[in-house]
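Peer 1: Protein chains in written order, with my numbering: chain A, 261 to 791; chain B, 261 to 791.
These aren't lab readings, by the way, just hints derived from the structure by calculation. Please note that a few of the clues may not be correct.
Which copy is meant is left open, so a pair is good if it fits within one copy or across any two.
Pairs of lysine-lysine residues, derived as DSSO-like cross-links and limited to a Cα-Cα distance of at most 30 angstroms, are as follows [as the list claims (entries may be wrong)]: (1) K729 / K422; (2) K609 / K697; (3) K543 / K609; (4) K380 / K479; (5) K706 / K682; (6) K770 / K479; (7) K543 / K761; (8) K425 / K697; (9) K706 / K761; (10) K479 / K697; (11) K791 / K543; (12) K543 / K697; (13) K501 / K729.
Just so it is clear, the structure is predicted and the values come from calculations on it, not from any experiment.
Protein chains: 2
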Amino acid sequence: MKQSGNPSVSKPFRCILSALWICLLAASLYASEIQTEQWGVFEAAFDGPSTGNPFVEVTLTATFTQNSNRVNVDGFYDGEGVYRIRFSPPTQGLWTYETQSNHPRLAGKRGSLTAAVPSKSNHGPVGVASTFHFAYADGTPYFQIGTTCYAWVHQEDALQEKTLKTLAGAPFNKIRFCVFPKWYSYNHNEPLLYPFEGTPPAAWDFMRFNPEFFRHFEKRIQQLGQMGIEADLILFHPYDKGHWGFDRMTSEADDRYLRYVVARFAAFRNVWWSLANEYDFMKEKTPADWDRFFQIIVSSDPYGRLRSIHNGSLLYNHTQPWVTHVSIQNGSAVTDFGRAILYRDVYYKPIVFDEIKYEGNLPQRWGNLSAQELVLRFWESAIAGTYAGHGETYLDPNDVIWWAKGGILHGQSPARLGFLRKILADGPAGGLEPIDKWQDYPFAGKRGEYYLGYFGRNPLSAWPFELHKAELADGMRFTVDIIDTWNMTITPAEGVFEIRKHDNYLFADKNGRSVSLPGTPYTALRIRRVK
Amino acid sequence: MKQSGNPSVSKPFRCILSALWICLLAASLYASEIQTEQWGVFEAAFDGPSTGNPFVEVTLTATFTQNSNRVNVDGFYDGEGVYRIRFSPPTQGLWTYETQSNHPRLAGKRGSLTAAVPSKSNHGPVGVASTFHFAYADGTPYFQIGTTCYAWVHQEDALQEKTLKTLAGAPFNKIRFCVFPKWYSYNHNEPLLYPFEGTPPAAWDFMRFNPEFFRHFEKRIQQLGQMGIEADLILFHPYDKGHWGFDRMTSEADDRYLRYVVARFAAFRNVWWSLANEYDFMKEKTPADWDRFFQIIVSSDPYGRLRSIHNGSLLYNHTQPWVTHVSIQNGSAVTDFGRAILYRDVYYKPIVFDEIKYEGNLPQRWGNLSAQELVLRFWESAIAGTYAGHGETYLDPNDVIWWAKGGILHGQSPARLGFLRKILADGPAGGLEPIDKWQDYPFAGKRGEYYLGYFGRNPLSAWPFELHKAELADGMRFTVDIIDTWNMTITPAEGVFEIRKHDNYLFADKNGRSVSLPGTPYTALRIRRVK
């Protein structure tokens, strides 16, 4: 039996804990005591049978216990007679476990671990917060600025490393990518590794996974995690068209694949489950298949990682309780905050516009936004209290396009998205809430405290200081920053604005003052209460 | 026993049928044979007990049978010892019935009726058609142009008659109004009749209905029906605040009221059920109450009349299968077709924006749209493939405001809405479908056949003849009408436009011609294929 953890607590402390444990359970059946961080990954490996087909013939699960808290996790076969159990402790302190298996060599294995205080960069997994937003498990807000590189893990290794290097200097805290390789315009190349045993392109034994593929894939997940980037894993997609056939496996193969993926990946705290990209374009699947896939994930992922499904033209019913947040493709919904905002009312969940067209110069209309337009869409989505996703599609002589293969970024939007991310991080911890959603009112924030307004293409030269009445009172005082969202400048407006009731709906500056604006498009205002 | 029907078939034919029936069932238990139209109302009245409290102590139902088709309907107590059963035959031909009751005088009553060919103006009830639209049961399209007079049936009789007269000359084919009276700004008057026995304002016996109230109410429903106007009945509303207490009855009283209303009204084919106006503003109700109310209606309305529920700021989950269409209040969603259209994808049901602010001059922001703006909103909703609702709120010295009390219309929008209704009626029978919904594309219609475009406030002076490619082919020919939606003129553009493929997404006039436009706002284009 082999064990490994993420040692992060000082060795002396660990020794004391180990000693205590040994005293308490002298001669116990528990094999040893090991440390990992809370929300880190504990892994136990066991030798077991390698004959027959262990992927389908051998079951392995484990129950992790801390006081009355029990967590059941699935193990998986990693090839060459090695079986693994992964566990991400949701709380600190001692956890014990015991395995279950249909094979005597794997059943009844016991052990323990101690989940230590997380390291500084470990805030836990991202979850839903305040209905419409996200936060890490330790309460740190998470303001999603996503990007998309569908098939970056399926490119040659040097390109993958380049992608990671680019991401390290980019503003993105989430990336969407596919487990299966992609066969699509600008992306007709074979992957380095395949998820199943067999012969490319389409002679697969769907009953035998290729552990090397998954080991490689999870290495990338972990590297992203170390960079603070969430991995929005796309579990199915239609960009195969039968070339490999991963889009048209049997239900049994689909389900087995999902369980295997969850068993391997769920313990990584930066994993999100995106059931599919353009799920409705997968004509081999039925609506019932997608419902079943959700159920499989709900029942087998003990951590409740974020779950959604991304549409082509037909939206999934995101009101279903197993959908944690809404993942939307729409070519025009975020050109206007008044559009984007409507989804919030419908779903009462975080809204992520993962596909809003891309910055680039493709002939396809989904891939030729200007950088200005893409940045505008992010700002419109932000003041709608929603989130957006980036992608880049500049033609490349070798078809190395960020959106599919990663590599380097050529566009002008990422720097501006980083600027927006910083503005969001400096804003209300609870996220931006529309101030007056029933009206055409381009402000979001926290009523009475913080207002972020955005005027889009409108080149205003002045803005009368007027705010919706909610949570306001005569005499409150505010400062104003004028933000050039394209040139990334923040200019304080002169003086302080003191408000008084103006009419049934608005409070205004008591002297009727306006804020002078530069008369250029893409201007935002940040208004903060002075206390 | 008393019976009445809507005689509409010639008397000789009726005599023959009657004679046949008598031959077949000589000395039968069936009382008689009577005629009504298909989708009309058959009513049977029975004498029964008047002591105790018949509203709660006596049950009465009937089963109507035609071959293997069985329809169960609830009867109701109409006061003074009279019990009634109403039935709207969904098919033509002979129907027999038998009553069930916990009282021997009312149990086992049998009878029959013959449902005849409907009269010319009787198209049956309105139902959902083609997912997003409506049609009458006989297939005739129904293009909803609604209005709202919340409390018109609760005003003095002369005013009610005036409202009906106004409606007779107005373009509306649906009206929203409340069963319960309304206590709200501009509407603080007692109604003529109350739904329960008791003493105004708030000493009610919720276990005893006031039949006179309901007889009056259903007279108004029938009068609307004769005018071809659907009655969108608002069953609960928050505009009471405990003044009468109809907004805070017990669950038992709520449920009994719903069953009584359904038993009385469901047979009228122009009835729609709107569970509430601003349901979420009724703080005495819980989400579970609304779900239960839907279930009561689903189970007790044998005809499946249209069902929805209208929000204040919190949308009901309209994806629930018991919601037939979506009724939305939103102050800004229909200012832009690109907003309105988004709800279609979410719900896959007809979308009716029943409250979009009103034409008027109230100080309240929901009641001071210009006529131009209200008409614009109807057009935006139309090219989004959705429907909108009118209301009028001009201040009146006697507070006789259309939106609440009816009376006469002062505004300039109704004529334009009538013009729109005519345009819709002249368009595709299946309703307007967005041509390219993922894009910012202001055209709806039927691809390849009919296109209705609308440019809103944009004062275009020319429009290059370009149409989205779907269902198009080189050589197709089209005529164009230029529509001034405000001045209600239709001007044919010169010549015929023949198309050829222009790029990946568009077909254009083969000679690159544009359509000259007047350079004024509120312009629409109607483009029809020449065959």
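Peer 1: None of the hints should be skipped; say for each whether it holds.
Peer 2: Verification of the hints:
no., hint, verdict
1, K729 / K422, "neither (50 angstroms within a copy, 40 angstroms between copies)"
2, K609 / K697, "both (16 angstroms within a copy, 24 angstroms between copies)"
3, K543 / K609, "both (28 angstroms within a copy, 22 angstroms between copies)"
4, K380 / K479, "within (21 angstroms within a copy, 73 angstroms between copies)"
5, K706 / K682, "within (17 angstroms within a copy, 46 angstroms between copies)"
6, K770 / K479, "neither (59 angstroms within a copy, 56 angstroms between copies)"
7, K543 / K761, "between (57 angstroms within a copy, 28 angstroms between copies)"
8, K425 / K697, "neither (40 angstroms within a copy, 38 angstroms between copies)"
9, K706 / K761, "within (19 angstroms within a copy, 50 angstroms between copies)"
10, K479 / K697, "neither (43 angstroms within a copy, 40 angstroms between copies)"
11, K791 / K543, "neither (58 angstroms within a copy, 34 angstroms between copies)"
12, K543 / K697, "between (37 angstroms within a copy, 21 angstroms between copies)"
13, K501 / K729, "between (55 angstroms within a copy, 24 angstroms between copies)"
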